[in-house]
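Those protein sequence lines, which keep their order, are chains A and B.
Each residue of the first sequence is one higher than the one before, counting from 1 in the numbering used here.
Each residue of the second sequence is one higher than the one before, counting from 1 in the numbering used here.
Simulated from the structure, these hints should not be mistaken for laboratory data.
All residues carry an ideal CB built from backbone N, CA and C; glycine is no exception.
Among the clues, some could well be false.
[Unchecked claim] Far from chain B, some chain A residues (derived; all Cβ distances over 12 Å): (1) D39; (2) G199; (3) R248; (4) G277; (5) S292.
[Claimed, not checked] Derived, one-sided and incomplete: chain A residues facing chain B with beta-carbon distance under 7 Å: (6) E202; (7) P222; (8) G237; (9) T240; (10) F243; (11) S263; (12) P284.
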Amino acid sequence: MIEKNPGICPMLNASSGTAKNLIEKIKSEIMRNSLVKRDLIWLELTGCSGNIISLLNGSNPDFKFLITNMVNLIYNNSLMAAEGEAALDALVNKTGSDYILAVEGAISTKNNGLYNIIGRWKGEPLTALKAVQLLGDRASHVIAVGACATHGGVSAARPNPAECVSVQSILKRKVIKLPGCPCHPDWFLGTLAHILLYGEPELDDRDRHLLFYSMLIHDRCPRRSYFDNGVFATRLGEKTCMFKLGCRGPVTRIDCPVRQWNSYVNWPIRDDTPCIGCAMFGFPDSMEPFISYDTTRKR
Amino acid sequence: MIKSEKTICQRMKQIIEESESNIKMLFKMPCIYARTSVLFELSANTAELNELCSQLIENENRQVQPTQSNITIEQLSQFTGKNGNPAYVAVNGIVYDVTNNAAWAAATHFGLTAGKDLTDEFASCHAGHSILDKLKVVGKLI
Ligand code: HEM
Ligand code: SF4
């Protein structure tokens, strides 16, 4: 007795609405007053602060919803009102209680971390390295947000003058990794929502959140039929597959083709730019060259 | 790596057993979603069977032409995937064609470039993965 084929693949369908579903669930739990707000510390270390900017651009939910309904934002050096030692007070006083730690940026290790000082505490410089050591072990969850925090990224690119490393290289504990340059607001908010509702999400063998990082860009690329038929763009601007130009979609696991960016309006490949693998370990060095015009013959 | 006929046949038998139990399960399964996922598994199984058959045929061909073209390291260095040339890489003495392999866009892959013997680099990331069986063999590195 075989029932009719449901027609659409429920797995792929579900993956497009993941962050949204989690957030809807969060909203209903908040309405029922059953969700406990947790404390969040967001450290900006050695990087460009692009991940916090990306988060501020989140729309589903937006940043205001995050800090009013989901978490108490205890510390973020770009956004908090307090400054100087008063700001660091908030940070250091937190170490004894429950909190979730998000880290963006790599950790500079040269000269015992002196290349990145995030503030002064009792007259002593507090290095990025020290901050991660201090807060990393005691957090209930550590989330590495963006390329630099997850694997060194741009900050650790050759020649890496400040000897930057990932958060995981400093901490001997589970670090949830959300690579991307920057991290999409949904990847972070979806992960945070999952932690608030259900605890640690299911991760792959590199500790990436499977909900977002399970498919290759190449798997759902709208230009895939061109690839399969060997129709390749020879320069930027052509609408066919950009494989010969150096597209990294086939080695990059993330859901950009279905999620898209800037409140879901567009993404690189739709805008005729090959994927540069920004959400893959090893970016940027291992993903270069980003574009190549000197290529193999046509198939 | 080239697998022996025996290992290929053993794997085939395994797949057939798995598929048979999956088919039995399908008859009893009420949930359409679970059924879809079993169907996906079945289709992965047939894909693998297909792959294994190609390997058997390829093994046969290898025996028919024991001397595939021999390629020196100098010759290999021409096949960089640039200037319209194909992209070849060597691993464990065998030269493979990665010209149209999706993971080797613009003849580069995680900082590696084509036209070289990449045995050590391959071992450092892909040891134990069955990746090479899927690539086209162009010859032996001498
Ligand atoms: C001769 C050297 C190499 C060859 C021929 C090669 C070939 C391939 C191929 C064909 C794939 C596609 C995967 C598949 O078909 O299942 C792949 C994926 C991959 N390769 Fe390599 N590779 C080589 C070296 C390396 C090295 C040195 C690294 C590490 C830096 C690496 C890292 C990866 C990763 C991470 C993926 C998987 C992407 C994913 O699916 O998530 N490869 N490689
Ligand atoms: S453009 Fe990139 S991701 Fe899309 S099909 Fe071509 S190689 Fe794959």
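Hints, one by one, checked against the model:
Non-interface call for D39(A) relative to chain B: holds, since the shortest CB-CB distance, roughly 37 Å, exceeds 12 Å. At roughly 24 Å, the least C-beta separation between G199(A) and chain B is larger than 12 Å, which holds for a residue marked as non-interface. With a minimum CB-CB distance of about 6 Å to chain B, R248(A) fails to clear the 12 Å threshold, and the non-interface call is violated. The non-interface label for G277(A) is inconsistent with chain B: the shortest C-beta to C-beta separation is roughly 9 Å, within 12 Å.
Listed as a non-interface residue, S292(A) fails to keep its Cβ farther than 12 Å from every Cβ of chain B; the least gap is roughly 4 Å. For the restraint placing E202(A) at the interface with chain B, the shortest Cβ-Cβ distance is roughly 16 Å, beyond the 7 Å limit, so the hint is violated. At its closest, the beta carbon of P222(A) sits 16 Å from a beta carbon of chain B; the interface hint therefore is violated under the 7 Å criterion. The beta carbon of G237(A) comes no nearer than 17 Å to any beta carbon in chain B, farther than 7 Å, and the hint placing it at the interface is violated.
Interface restraint check: T240(A) against chain B, minimum CB-CB distance 14 Å, threshold 7 Å, status violated. The beta carbon of F243(A) comes within 5 Å of a beta carbon in chain B, closer than 7 Å, and the hint placing it at the interface holds. Restraint check, S263(A) versus chain B: the minimum CB separation of about 29 Å is more than 7 Å; hint violated. Against a cut-off of 7 Å between C-beta atoms, the interface hint on P284(A) is violated, since the closest Cβ of chain B lies about 10 Å away.
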